[in-house]
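In the order they appear, the protein sequences are chains A and B. For the numbering used here, count along the first sequence from 1 and bump the result up by 991. For the numbering used here, count along the second sequence from 1 and bump the result up by 991.
Warning: the hint list may mix true and false statements.
No distinction is drawn between identical chains; accordingly, a pair holds when it is met within one copy or between any pair of copies.
[Unchecked claim] Straight-line Cα separation of at most 30 Å, DSSO-like style, residue types lysine-lysine; simulated pairs:
id	residue 1	residue 2
1	1072	1021
2	1147	1021
3	1054	1076
4	1076	1128
5	1076	1052
6	1052	1147
7	1052	1072
8	1038	1052
9	1072	1038
10	1038	1054
11	1054	1072
To be clear, the hints were calculated from the coordinates, so they are not data collected in a lab.
Here is what each chain is made of, one letter per residue.
Protein chains: 2
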Amino acid sequence: MTNRSFDFYFDFSSPYSYIAAEQIDALADKHGWRANWKPILLGVIFKATGGIPLTMAHPWKSKYSLADFERSARFGGVPFKLPAKFPQASQSAARAVLWLQQTQPSKAVPFALEVFRTLFVRDGDITDLNTLAAIAKGLDIDADAMMTAIQDGAIKQALIGNNDEAAALEVFGAPTFVLDGERFWGADRMPQLEHRLMGR
Amino acid sequence: MTNRSFDFYFDFSSPYSYIAAEQIDALADKHGWRANWKPILLGVIFKATGGIPLTMAHPWKSKYSLADFERSARFGGVPFKLPAKFPQASQSAARAVLWLQQTQPSKAVPFALEVFRTLFVRDGDITDLNTLAAIAKGLDIDADAMMTAIQDGAIKQALIGNNDEAAALEVFGAPTFVLDGERFWGADRMPQLEHRLMGR
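All chains should be modelled from the sequences, with the hints used to inform the complete structure.
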């Protein structure tokens, strides 16, 4: 495994985070880098910045965003279907990923990708713990242990820690990639990130 | 000249509009399309939508934007230097372009590009009518006639008309490309626009 890495801040409720998640490891691998997956809660970030979800923007922009989610997914070659319930609170899924990173790191990204696909391809409800348990079982992860971990104070604190770290780096949206303090905001900045990974 | 065209809404005070302007005609040409250059005033749009300039966003975002202007220009292969005075009111330059489109259409894009370069490469002041007159002279355009046209009621109305048209299309930022009612917002959506031009 390479020592060179960058951080990938994402929120499970963000369609552009999903689009990035489906592509970022292949992009990193290609150039000998590693992506550190860092779940955060955009809602916490927005409290600091006054930001709002795209779905709550002025109608000209929110309508555009719904169309752009689909077009950007198609452009990125990933399936996409806007969930009936959107956006969805993502803290349980985020905590599950943090627990996996601490206990079974090789399962963290596969689990995260299944959470994203459950929400943005299969119209699932990731706020329902049964949904997360089913994803865990499908990946041979102990679902009961995961359900316990989601309520664990140390895991809750780890998520707060991710958010604090993102705030210290002035991350104001998701996805954001951070390399040596340089921010790349948006799935649409992956081409510029790639240039940076290539040393350009 | 091809009959197939799309609209390119831009504001001279927008760095991403400049980055797009330097590339859009080549992109259109390559696929047998034509870009209709449509100057607008983002300030008028923002009054309708509650939008704000990136420079007035939360500091985490505004600082990012300044860095992203430079990085995106570099990525697009165009020179860029943030002007000392920024943003700058763009209505005089916009009216000059509208007058050229009505009277000497072949000079409109060369003039518009020189306005953008004056602002974003040579740190000029495009609110100064002397600056616009000098650009006109450099392109063998009658500067006195241009200065008169900038104050002309019909030209002022043409700019209002562009803004009304943009609002009717729910354009909320610049640059925005509009093809058959479909909006592509941002210089970073040119790859998706290109896909569309290729019929994908």
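Q: Output the numbers, in ascending order, of every earlier hint that fails for this structure.
A: Violated: hint 2 alone.
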